[in-house]
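Trainee: Listed here are the chains, written in short residue letters.
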Amino acid sequence: MSRITIPIGPQHPALKEPLSLKLVAEGERIVESALRIGYAHRGLERIFQNRNYVQNVHVVERVCGICSHVHTTAYCQGVEALLGLEVPPRALYLRTLLCELERIHSHLLWLGVLAEHIGFTTIFMYAWRDREIVLDIMEELSGGRVAHAVNVIGGVRIDIDPEYAHSILARFDDLERQIEVFLGVILHERTFQVRTHGIGRLTAEQVRRYCVVGPVARASGIDVDMRRDAPYAAYDQLDFRVIVAHEGDVWARTMVRTMESVESLQMCRQLLHAMPEGPLAVRAPRRVPPGEVVSRCEAPRGELVYYIRSDGSDRPARVKVRTPTLPALAALSEQLQDINIADVPTVLAGVDLCIACADR
Amino acid sequence: MPLLRSLAHLLTELRRTLLAERVTVQFPFAPAELPAEFRGRVILTDEALCKGCGLCVRDCPALALELERQDREHFRLIHYRDRCAYCGQCADSCPSHAIVLSNELVSPSQERDTLTQVLVEHAPDSTG
Amino acid sequence: MIDWLSALFSLLIFPGFAFLFLCALTFQWIDRLVVARLQGRVGPPWYQPLADFIKLLAKEDVLPIGAHELACAALPMVSLAAVLTAALYIPVGTHSAPSFEGDLIVVLFLLSIPSLAYFLAGWLSGSVFSVIGGNRSLLQYFSYEVPFLMALSGPAILSGSWSIAQITAQQSHAPWIALVQPLGFFLALTGLIGKLKRSPFDIPKAKSEIGAGPLTEFSGRKLALWQLSLHIKTAVGIFLLVNVFLGGASIGLPAPAVLVFGIKALLVLLVLSLVDVLYARLRIDQLVNLGWRVLAPLALVQVLVVILIGVG
Amino acid sequence: MNVDLVLEALHEHFPTDPLEPRIVPVDETIVTLTPENVRPAVQMLIERFDLRHLSAITGIDTGDEIELLYHFWDGQGLTLRTSLPRENSHTVTLIDLIPGAAFYEREVSEMLHVLFDGHPTPDRFLLPDDWEGEPPLRRGVPLACQTDNLENGELSDQRHSRFKGEARP
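Residue numbers (my numbering), protein chains in the order written: chain C, 719 to 1078; chain E, 55 to 182; chain V, 10 to 321; chain P, 3 to 171.
Hints were generated in silico from the structure; no laboratory data involved.
All residues carry an ideal CB built from backbone N, CA and C; glycine is no exception.
Among the hints, erroneous ones may be present.
[Said to hold, decoys possible] Calculated from the model, a selection of chain C residues having no Cβ within reach of chain E, i.e. all distances over 10 Å:
{"hint": "1", "residue": "R721"}
{"hint": "2", "residue": "N774"}
{"hint": "3", "residue": "A799"}
{"hint": "4", "residue": "V870"}
{"hint": "5", "residue": "I876"}
{"hint": "6", "residue": "E881"}
{"hint": "7", "residue": "E995"}
[What the hints assert, rightly or not] In silico BS3-like pairs for lysine-lysine, Cα to Cα no more than 25 Å straight-line:
{"hint": "8", "chain 1": "V", "residue 1": "K216", "chain 2": "C", "residue 2": "K734"}
{"hint": "9", "chain 1": "V", "residue 1": "K68", "chain 2": "V", "residue 2": "K216"}
{"hint": "10", "chain 1": "V", "residue 1": "K216", "chain 2": "C", "residue 2": "K740"}
{"hint": "11", "chain 1": "V", "residue 1": "K64", "chain 2": "V", "residue 2": "K216"}
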């Protein structure tokens, strides 16, 4: 059987971010894959060391283009823990609200990308149209569709007045109806299922071997979620379900992410109803006493780890960012083994790679 | 039967979309309504407020602000719009609320020099 | 003198190139508009297809080193020529095309040439994506061609003649064949979607997997010709189905033939656009499976039914 | 995982090491080990506590040594810290125990020039193929934007920004 080497990336319709994947295929079946990343590497971990803590909040926000708020949350929590600051409850609620809104926006964006890769342009258009509801809310709240600049060290910079909260709740209802439509497509639409069932399967054992996190792990039966296991911000005051599936293929991941969006929507409603009064931020000193902190959050793609070491000056000695896409990339070679060429974009989309995160 | 229903699953949503109003905003031919909170052009509320303390310059993550100071009275605040990320940190760090972000969309430009702008020109004897 | 002139007129203007060019652009615009409106978008302005065509003509025409220069220049022209010739035998509205016994088979053969040219374009244009695209278009060709031909042989057997004009004429007083053989009409539509490589069977040009498939390396005038031939093929395919299954320009009661024919063509186009919006793209092995396990047996049943009952 | 049990087990297996466990914010315990004990410790943790989720490997050049921090997590955080000499620092790979460590180790080796013996594909990970400069996270390596305009010996930043603050040595 003749072997063809198919280059996917760094520029390719199936990739929205630069990633180079060399696939060796026999006929339509992939036998080998070589991965090369680093095209979006900006050396952020070095830049962190040359900016002070206040500046770094905005540099951290630009590690990832989609889940920027969760990065600033993890970073600010770390620095607040080093400073021993007591963040006011209203700030924690607002911070959590933005985290969940961002999760819905990230999952809807991902659903659109997956639909576009399997040729379902209608669902791509619908997913990105309904995602605008969430983006508009975030833009009206914080001033930025994606880079929100909401978090500061010691609290948040935005506030919600009651009747604006009321208008958000109204918009949540038709957002929920739209997500129900997507759930319907995933459960009933025949061609969607035919293209996603049994594709890119990862067993629980493979997930544990490659330390994969987030919806990809939950879709293979691993019940882990930082919001419940290591609650941060206001997650300990919310009750929500962690969605777990067992098939471990692209279809299961779609189910997990879409159901998670519905859960996030319920959490946003709880947050808005139980929003406590009080100050928005606490004044934070510019110099951080020497120490180190490991701050973990649940990004839309999984466990996000920030290690910050301070040396007493106003600049961090070291900020290490481990984004959830890195282990997912490690497990990619297992998923790409012996699959059909036509399924490569589906598998790539199924894992929901955020290359800017992985490259930093 | 279930197969037929699963083959025509999207029809109800198609009908709803057909009747609903189009979502495309035809920017730049139609105006893009920006919320009040939108972080747009960096402007000075009042040039007199700026004391030239440089707190904004120190906290700007993109190093987009520069203070050229001869002495207490003669200083210039320069804003490099080609580096600015519109994060709003300068507005936060400014103790006298001189520098703020309007919600006016900053249109792109091809000549990089036009993006360098002197925000504050503080020389009391010349302005009289 | 007169018939030489009218022959030239019918060749170049009415049912000939100019008319088909206009039809191709209009159908493409309507299709893109309907799909856009069903997806909540505004859709392109009416002159967009013409603008695309002219833009491509003005663009640089580049081929990679490995590509076969001569073949890549000839293939789009062969494809366009085949499609235009096929259009000659299809009556459009009032115009009665030159018909002879067996012109249905000639038209079907001529409509297959672009598919083979499409495959050759993939093989000879020297890029990995186009080779894979070429393989897929050949695989796809075999999976929809058999049901498509059988579906079209049904009406021919029913009306006892292999000439499109005869089949259409038979239906002016008898009920349309689409009503008599609904399964045949469904198979013909599915086969047409496969032949035109429209979603959900746009597997050879699946842009997220292999770019534009066989046409990845084409640009400028060659790509303009390719797209024109594919769009004219859409128009011709729809006219063929309208004539064979929907009784051409007749509707029982006296009505302007061109209008009736136009409405039927638009209806078929709407069905194609709806199918485009409804489904995700299948994989090539799923299409071949569908073709041989579902469509071919159904076509066989349809033909048997027509032979046993229809002709009796 | 119960952190106290883990600490006891570590004490038993490695009496000579100065463990000095420290509780660090957001519920993390840091334990110090000598470089050659890291691999047996990880092996023990996997066998006895099924602690296989390696969140990250952080590499830090503190000026006089290279510190490696292996962050584990299972309900609570556990970090194994070890330090290597700055010159030809190398340690043994954990890929056969935890395949997920492959990418983390490649990144540390590229950014801090730490060799992981036995790593099957120790080639470029994040940096471009034609990068021949110093490992970027090592101390004393000036930022690229600072080297290319070294007027009068003073490290000045790019044309626009005036980076008066002294660059991290």
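Trainee: Decide, hint by hint, whether the structure agrees.
Mentor: Evaluated hints:
Once the 10 Å rule is applied to beta carbons, C/R721 is consistent with being away from chain E; the minimum gap is 38 Å. Distance check on C/N774: its Cβ comes as close as 7 Å (rounded) to a Cβ of chain E, failing to clear the 10 Å threshold; non-interface status is violated. The beta carbon of C/A799 is kept farther than 10 Å from every beta carbon of chain E, the shortest such distance being approximately 22 Å. The beta carbon of C/V870 is not kept farther than 10 Å from every beta carbon of chain E, the shortest such distance being approximately 7 Å.
Not every CB of chain E lies more than 10 Å from the CB of C/I876, the least distance being 8 Å, so the non-interface label is violated. Every beta carbon of chain E lies more than 10 Å from that of C/E881, the smallest distance being close to 15 Å; the non-interface claim holds. Here C/E995 stays apart from chain E, with its beta-carbon at least about 21 Å from theirs, past the 10 Å limit. A threshold of 25 Å between alpha carbons decides the hint, and for V/K216 with C/K734 the separation of about 13 Å falls inside it, so the pair holds.
This hinted pair checks out: V/K68 and V/K216 have alpha carbons roughly 21 Å apart, not beyond 25 Å. Between V/K216 and C/K740 the alpha-carbon distance is near 18 Å, which keeps this suggested pair within the 25 Å criterion. Among the hinted pairs, V/K64 with V/K216 is consistent with the structure: their alpha-carbon atoms are about 21 Å apart, no more than 25 Å.
Comparing the model with each numbered hint stated earlier shows that hints 2, 4 and 5 do not hold.
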